[in-house]
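S.K.: If you want the building blocks of each chain, they are given just below.
Number of protein chains: 2
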Amino acid sequence: MIKVAIVDDHKILTEGLESLITESGIAIVVGVAHSAAECRLSLGFWKPDVLLLDVGLPDISGLDFCKEIKEEFPVIKVLALTTHSEYTVVRQMLDNGASGYLIKNAMAEEVLAGIKAVAAGETFLCHEIDLLMKRPSEKNIWLSPRERELLRLISEGFTNTEIADQIFLSPETIRGYRKNLLLKLGAKNTAVLVKIAVEQKLI
Amino acid sequence: MIKVAIVDDHKILTEGLESLITESGIAIVVGVAHSAAECRLSLGFWKPDVLLLDVGLPDISGLDFCKEIKEEFPVIKVLALTTHSEYTVVRQMLDNGASGYLIKNAMAEEVLAGIKAVAAGETFLCHEIDLLMKRPSEKNIWLSPRERELLRLISEGFTNTEIADQIFLSPETIRGYRKNLLLKLGAKNTAVLVKIAVEQKLI
DNA sequence: CCTACTTACCCCCAAAAAGGGGTTTTTATT
DNA sequence: AATAAAAACCCCTTTTTGGGGGTAAGTAGG
Numbered sequence: 203m204i205k206v207a208i209v210d211d212h213k214i215l216t217e218g219l220e221s222l223i224t225e226s227g228i229a230i231v232v233g234v235a236h237s238a239a240e241c242r243l244s245l246g247f248w249k250p251d252v253l254l255l256d257v258g259l260p261d262i263s264g265l266d267f268c269k270e271i272k273e274e275f276p277v278i279k280v281l282a283l284t285t286h287s288e289y290t291v292v293r294q295m296l297d298n299g300a301s302g303y304l305i306k307n308a309m310a311e312e313v314l315a316g317i318k319a320v321a322a323g324e325t326f327l328c329h330e331i332d333l334l335m336k337r338p339s340e341k342n343i344w345l346s347p348r349e350r351e352l353l354r355l356i357s358e359g360f361t362n363t364e365i366a367d368q369i370f371l372s373p374e375t376i377r378g379y380r381k382n383l384l385l386k387l388g389a390k391n392t393a394v395l396v397k398i399a400v401e402q403k404l405i
Numbered sequence: 203m204i205k206v207a208i209v210d211d212h213k214i215l216t217e218g219l220e221s222l223i224t225e226s227g228i229a230i231v232v233g234v235a236h237s238a239a240e241c242r243l244s245l246g247f248w249k250p251d252v253l254l255l256d257v258g259l260p261d262i263s264g265l266d267f268c269k270e271i272k273e274e275f276p277v278i279k280v281l282a283l284t285t286h287s288e289y290t291v292v293r294q295m296l297d298n299g300a301s302g303y304l305i306k307n308a309m310a311e312e313v314l315a316g317i318k319a320v321a322a323g324e325t326f327l328c329h330e331i332d333l334l335m336k337r338p339s340e341k342n343i344w345l346s347p348r349e350r351e352l353l354r355l356i357s358e359g360f361t362n363t364e365i366a367d368q369i370f371l372s373p374e375t376i377r378g379y380r381k382n383l384l385l386k387l388g389a390k391n392t393a394v395l396v397k398i399a400v401e402q403k404l405i
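Protein sequence lines correspond, in order, to chains Y and F.
In this text, residue positions in the first sequence follow the numbering used here: the first is 203, and each later residue adds one.
In this text, residue positions in the second sequence follow the numbering used here: the first is 203, and each later residue adds one.
Among the hints, erroneous ones may be present.
In this list, chains with the same sequence are indistinguishable; a pair is considered to hold if it fits within one copy or across any two.
Listed below are the simulated SDA-like cross-link pairs for lysine to any residue, each with C-alpha atoms no more than 25 Å apart in a straight line [stated by the list, open to error]:
no.: 1; residue 1: Lys341; residue 2: Asp211
no.: 2; residue 1: Lys390; residue 2: Glu312
no.: 3; residue 1: Lys336; residue 2: Gln368
no.: 4; residue 1: Lys386; residue 2: Asp251
no.: 5; residue 1: Lys213; residue 2: Met335
no.: 6; residue 1: Lys249; residue 2: Ser372
No wet-lab data here; the hints were simulated from the structure.
Using the sequences and the accompanying hints, generate a full structural model.
M.R.: And the structure:
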């Protein structure tokens, strides 16, 4: 029997998930947590095969938490469960070791299929995410870590010279990154750049 | 018996909610929709006392949909159910006729309490939102409709002169609004202004 | 009636960003 | 070894924004 643990702060959702999984008969729920902190305390004890992980946790980013879990318990398969359907979030999640990705408006059957697939060592993406990842689009934005850092600093309101001082680069270099970001994200100016950054969760 | 309808695109959540409400015995679920369009078709037929309405619907904003419902069916009590806990969203929702506001990580009991309260004609806010609305904070930002419009145009990347041409005002007036928005939101520059605008869902 | 708020307008000047054109070095990946 | 991509750097000019001062008409609520 597959052992599943759930981490999600939406209590109504975890309850629904729990009964869905239990009633299906394909797996048992060995634990539920509503924050990363709560999960850390019990994960070693629960020893699940699959961890259903929300990306929008209240305490830390699910992206970082996924990485943390895979470092400490590489054997646990992480199945992301979230409302976000942004290319960069999915890709970073998979880069950080997730075995699958489900969006919350997916069908119940997809949740069960996902659990089975990742427990069997496969990679699983729900239908909508599979389409998103396969079809290349100008909305599938991928930035290098340095570009993401610059974008974050710009979004926090630092000017080119302030950023240059902070990360010990020439202001001209910062200008270059800024120009490139505007080009890559198809933004006319900083306002649009920041809007896209926040909406696409690039930062 | 209280008749409840649910509109939310998260299928797992609606299933959980349905069994929660049914098992409680305080109400019956007369209908479930996963989009505003789907809801429109059936609402007159379902005739619920209470409508549990998600703010983040896939087709239209829950804010607008709430207004629409209250205009057509003033007798139906709208109980917002959402992940957003931003002051401006709550306030606009209540202004648009919602009788209550629940966030999705609220306890199951709060959902039932909310349904009972709004069915009885009361206003109901879940604990966290109640605190948010009562305690005045500089994060409880409230903008006039005109200010929100300007903020939207700025976020879309229009310059002062472009905005002035669009809404037939003097560029100096736009400058005035811009300065005031920076002051009100405590933003150092446009980048931070747009970041706050998107994060706080002011636009 | 008065106050608070919204909406709308004006000037000067310094700072920052955008638009245009580039180059070089390092680091992966095939 | 070749190529691609990322990371870093440079100059010139125009446009846009931000900081500092303001004013004034309309309107909604106590």
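S.K.: Run every hint past the structure and note whether it holds.
M.R.: To see whether the hints hold, each was checked on the structure:
Taking the closest pair of Cα atoms, Lys341 and Asp211 come within 25 Å of each other only across two copies (23 Å); inside a single copy the shortest separation is 29 Å, beyond that limit. Neither within a single protomer nor between protomers do Lys390 and Glu312 lie at most 25 Å apart by alpha-carbon distance, with minima of 39 Å and 45 Å respectively. In this assembly of identical chains, Lys336 and Gln368 lie within 25 Å of each other by CA distance neither inside one copy nor across copies; the values are 38 Å within and 39 Å between. In this assembly of identical chains, Lys386 and Asp251 lie within 25 Å of each other by CA distance neither inside one copy nor across copies; the values are 40 Å within and 50 Å between.
With identical chains, the CA atoms of Lys213 and Met335 are at most 25 Å apart between copies only, with a shortest distance of 22 Å across copies and 30 Å within one. In this assembly of identical chains, Lys249 and Ser372 lie within 25 Å of each other by CA distance neither inside one copy nor across copies; the values are 49 Å within and 65 Å between.
When each numbered hint is compared with the structure, violations occur for hints 2, 3, 4 and 6.
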